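**Student:** Here are the chains, one letter per residue:
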Amino acid sequence: MDATKLVELNAAYARAIDNEKFEEWPKLFHETCIYKLTTAENIAKGYEAGIMYADSRAMLEDRVSALRKANIYERHRYRHVVGLPVVLGQVNGAADVETPFLIVRIMRDGVMDVFATGCYLDKVTTSDDGALRFAERIVVCDGGRFDTLVAIPF
Amino acid sequence: MDTRIDPTVHEAATTRHGPWPEDSLARVPYWVYQDQENYTREMRRIFEGATWNFVCLEADIPNKGDYRTNQVGGMPVIVVRDTDGSINCFENRCAHRGALIAFDDGGNVQNNFKCIYHAWSYDLSGNLKGIAFERGISGQGGMPKDFRRDDFSPRKLRTTVLGGLVFATLSDETPPIEQYLGAEITGRVKRVLNRPIRVMGRFSQPLPNNWKLYMENVKDTYHASLLHLFFATFRITRLTQAGGVLVSPDGAHHASYTIGSEDVAGAEAFKEKDLRSERDDYKLADPSLLQPVAEFGDKIQLQILSIFPSLVLQQIHNCLAVRQVVSKGTDKMEILWTYFGFEDDTPEMNTRRLKQQNLVGPAGFVSMEDGCVGGFVQRGIAAAGDKVSVVEMGGSTAESQATRATESSVRGFWKAYRRFMGY
Numbered sequence: 218m219d220a221t222k223l224v225e226l227n228a229a230y231a232r233a234i235d236n237e238k239f240e241e242w243p244k245l246f247h248e249t250c251i252y253k254l255t256t257a258e259n260i261a262k263g264y265e266a267g268i269m270y271a272d273s274r275a276m277l278e279d280r281v282s283a284l285r286k287a288n289i290y291e292r293h294r295y296r297h298v299v300g301l302p303v304v305l306g307q308v309n310g311a312a313d314v315e316t317p318f319l320i321v322r323i324m325r326d327g328v329m330d331v332f333a334t335g336c337y338l339d340k341v342t343t344s345d346d347g348a349l350r351f352a353e354r355i356v357v358c359d360g361g362r363f364d365t366l367v368a369i370p371f
Numbered sequence: 006m007d008t009r010i011d012p013t014v015h016e017a018a019t020t021r022h023g024p025w026p027e028d029s030l031a032r033v034p035y036w037v038y039q040d041q042e043n044y045t046r047e048m049r050r051i052f053e054g055a056t057w058n059f060v061c062l063e064a065d066i067p068n069k070g071d072y073r074t075n076q077v078g079g080m081p082v083i084v085v086r087d088t089d090g091s092i093n094c095f096e097n098r099c100a101h102r103g104a105l106i107a108f109d110d111g112g113n114v115q116n117n118f119k120c121i122y123h124a125w126s127y128d129l130s131g132n133l134k135g136i137a138f139e140r141g142i143s144g145q146g147g148m149p150k151d152f153r154r155d156d157f158s159p160r161k162l163r164t165t166v167l168g169g170l171v172f173a174t175l176s177d178e179t180p181p182i183e184q185y186l187g188a189e190i191t192g193r194v195k196r197v198l199n200r201p202i203r204v205m206g207r208f209s210q211p212l213p214n215n216w217k218l219y220m221e222n223v224k225d226t227y228h229a230s231l232l233h234l235f236f237a238t239f240r241i242t243r244l245t246q247a248g249g250v251l252v253s254p255d256g257a258h259h260a261s262y263t264i265g266s267e268d269v270a271g272a273e274a275f276k277e278k279d280l281r282s283e284r285d286d287y288k289l290a291d292p293s294l295l296q297p298v299a300e301f302g303d304k305i306q307l308q309i310l311s312i313f314p315s316l317v318l319q320q321i322h323n324c325l326a327v328r329q330v331v332s333k334g335t336d337k338m339e340i341l342w343t344y345f346g347f348e349d350d351t352p353e354m355n356t357r358r359l360k361q362q363n364l365v366g367p368a369g370f371v372s373m374e375d376g377c378v379g380g381f382v383q384r385g386i387a388a389a390g391d392k393v394s395v396v397e398m399g400g401s402t403a404e405s406q407a408t409r410a411t412e413s414s415v416r417g418f419w420k421a422y423r424r425f426m427g428y
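So the protein sequences, as listed, match chains H and D.
Count along the first sequence from 1, then add 217; that gives the number in this note's numbering.
Count along the second sequence from 1, then add 5; that gives the number in this note's numbering.
Please note: incorrect hints may appear among the correct ones.
Just the calculated beta-carbon pair ranges, DEER-fashion [what the hints assert, rightly or not]: (1) 292/H to 29/D: 55 to 61 angstroms; (2) 408/D to 248/H: 39 to 45 angstroms; (3) 362/H to 298/D: 52 to 58 angstroms; (4) 292/H to 201/D: 42 to 48 angstroms; (5) 292/H to 408/D: 30 to 36 angstroms; (6) 88/D to 362/H: 20 to 26 angstroms; (7) 292/D to 311/H: 42 to 48 angstroms; (8) 311/H to 410/D: 33 to 39 angstroms.
These are calculated hints, taken from the structure and not from any lab test.
From a predicted model like this one, the values you see are computed outputs, not experimental measurements.
We put the beta carbon where it would ideally sit given N, CA and C, even for glycine.
With the hints as constraints, model all of the structure from the sequences given.
**Tutor:** Printed below as a string of structure tokens:
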């Protein structure tokens with residue numbers, strides 16, 4: 218798998234969220250996919266639950282709809298700093314990729330806090346249109362504390 | 006500051022800020038969320054008093070020597086499975102210099118705990134058993150011969166188990182758990198926790214507000230359909246749906262519930278009020294998020310239950326969790342979420358629970374707003390310590406009601422709070 222394309226995929230991912238173009242976010246996933254937001258400790262203990270969980274692109278679109286139309290929270294945005302992807306292995310054109318991230322949360326009042334760090338554990342495959350997309354993205358946060366609320370996906 | 010054993014304080018009719026406003030359950034002075042002295046009093050009289058405090062799940066400590074650490078109010082505790090299968094709980098404080106005896110979230114010890122600082126050791130009941138170099142080295146040093154270990158063990162708590170929930174209390178006066186909760190609330194706990202559970206995940210959510218603001222929010226059936234759009238639109242619960250709130254006789258504990266039904270008249274009532282939380286155009290692109298099955302042999306879709314002072318047991322369709330509220334200061338707290346299912350879950354039920362877990366937790370479609378609203382109150386009342394909040398929906402009393410357009414169970418909380426605090 219082309220490393221440059223993987224970097225571009227991650228860059229597009231971070232840019233969609235940080236620029237609040239949330240509708241672009243589900244498009245980076247296959248129609249059937251897994252997205253889960255959990256912690257390193259839950260993974261280590263074999264606990265399956267996530268604070269966000271989706272097994273379809275449509276479910277990710279519902280996350281965005283809820284974010285836009287339903288949920289109420291104090292205005293804030295994220296800044297992702299995404300590290301370099303490492304391809305751990307490839308089978309039949311599907312790459313297992315690990316990519317570290319850091320998210321700073323910028324609150325309405327200007328406070329900038331490190332909100333989360335961790336790594337993305339991905340399965341990436343090439344779509345019919347030639348673009349790379351996530352078949353799976355497990356967001357593994359290093360810590361288990363989520364301050365106040367998590368409205369925007371990681 | 007008083008102590009727990011001062012009997013005169015229990016009779017005191019006034020707070021240090023004066024009498025409780027209007028001597029009414031429907032008025033709550035804002036200083037209770039701000040005052041440091043009051044906070045210290047809460048730790049002593051409520052958490053270290055005659056209350057059952059959640060300390061772990063039985064499922065967390067299945068085998069001998071399995072332990073978890075937790076907090077009872079401000080006090081760190083160890084809860085551990087003993088050789089005979091019983092569960093012990095004691096203060097996580099070494100008798101020597103006060104260091105934590107165990108400093109991890111949990112694990113397994115075979116027969117004893119050993120403080121890392123000077124290797125003083127404790128049996129599974131929390132009895133001080135071993136003192137390193139107790140007789141000194143080559144006849145030099147060591148502890149005095151008349152030192153009595155028994156006088157220096159950490160404080161021990163009594164434990165009890167209900168439906169796999171383990172509780173602990175420091176007080177000899179705390180009644181048996183079923184009596185503490187009352188028959189109705191006990192029944193509602195057993196309704197959900199009717200067979201062995203399995204933990205599915207743990208998350209923690211720090212909130213920038215006093216712990217009581219979260220407990221009130223949990224008990225407040227009035228806000229659910231108004232603050233949470235996701236709830237109302239997808240008819241998970243709505244004030245106009247059938248349901249109600251049970252309040253234990255002493256006011257301390259509650260269970261609110263919704264019974265599934267189509268409700269056209271209710272939808273009209275919402276439209277007339279032009280409430281923000283009703284939008285017909287909002288539909289799920291993937292409705293498999295919420296395809297619940299009835300698993301408790303009744304029509305109750307949702308049941309939120311609170312156990313005074315600081316535990317919540319939640320059943321929202323097939324999304325099950327316990328939430329422990331840990332106080333961290335007058336304006337800080339943390340929710341410890343434990344998502345669970347049952348040991349006999351099918352793979353389909355497991356997936357159903359994973360999807361429905363989107364509803365709750367720090368990122369929950371229907372609980373997200375609860376994360377920030379307590380902070381909005383804490384900030385809103387910054388200059389209003391001598392003012393009061395109005396808790397008068399459904400009257401001024403704290404009994405069970407067959408509606409959720411009431412703040413009855415919130416008043417129940419204050420009824421119990423004032424009794425424990427002597428206000």
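**Student:** Give a verdict on every hint.
**Tutor:** Consistency of the hints with the structure:
no. : hint                               : verdict
1   : 292/H to 29/D: 55 to 61 angstroms  : 37 angstroms, violated
2   : 408/D to 248/H: 39 to 45 angstroms : 44 angstroms, holds
3   : 362/H to 298/D: 52 to 58 angstroms : 33 angstroms, violated
4   : 292/H to 201/D: 42 to 48 angstroms : 44 angstroms, holds
5   : 292/H to 408/D: 30 to 36 angstroms : 35 angstroms, holds
6   : 88/D to 362/H: 20 to 26 angstroms  : 35 angstroms, violated
7   : 292/D to 311/H: 42 to 48 angstroms : 28 angstroms, violated
8   : 311/H to 410/D: 33 to 39 angstroms : 53 angstroms, violated
In terms of the numbered hints stated before, the structure departs from hints 1, 3, 6, 7 and 8, listed from lowest to highest.
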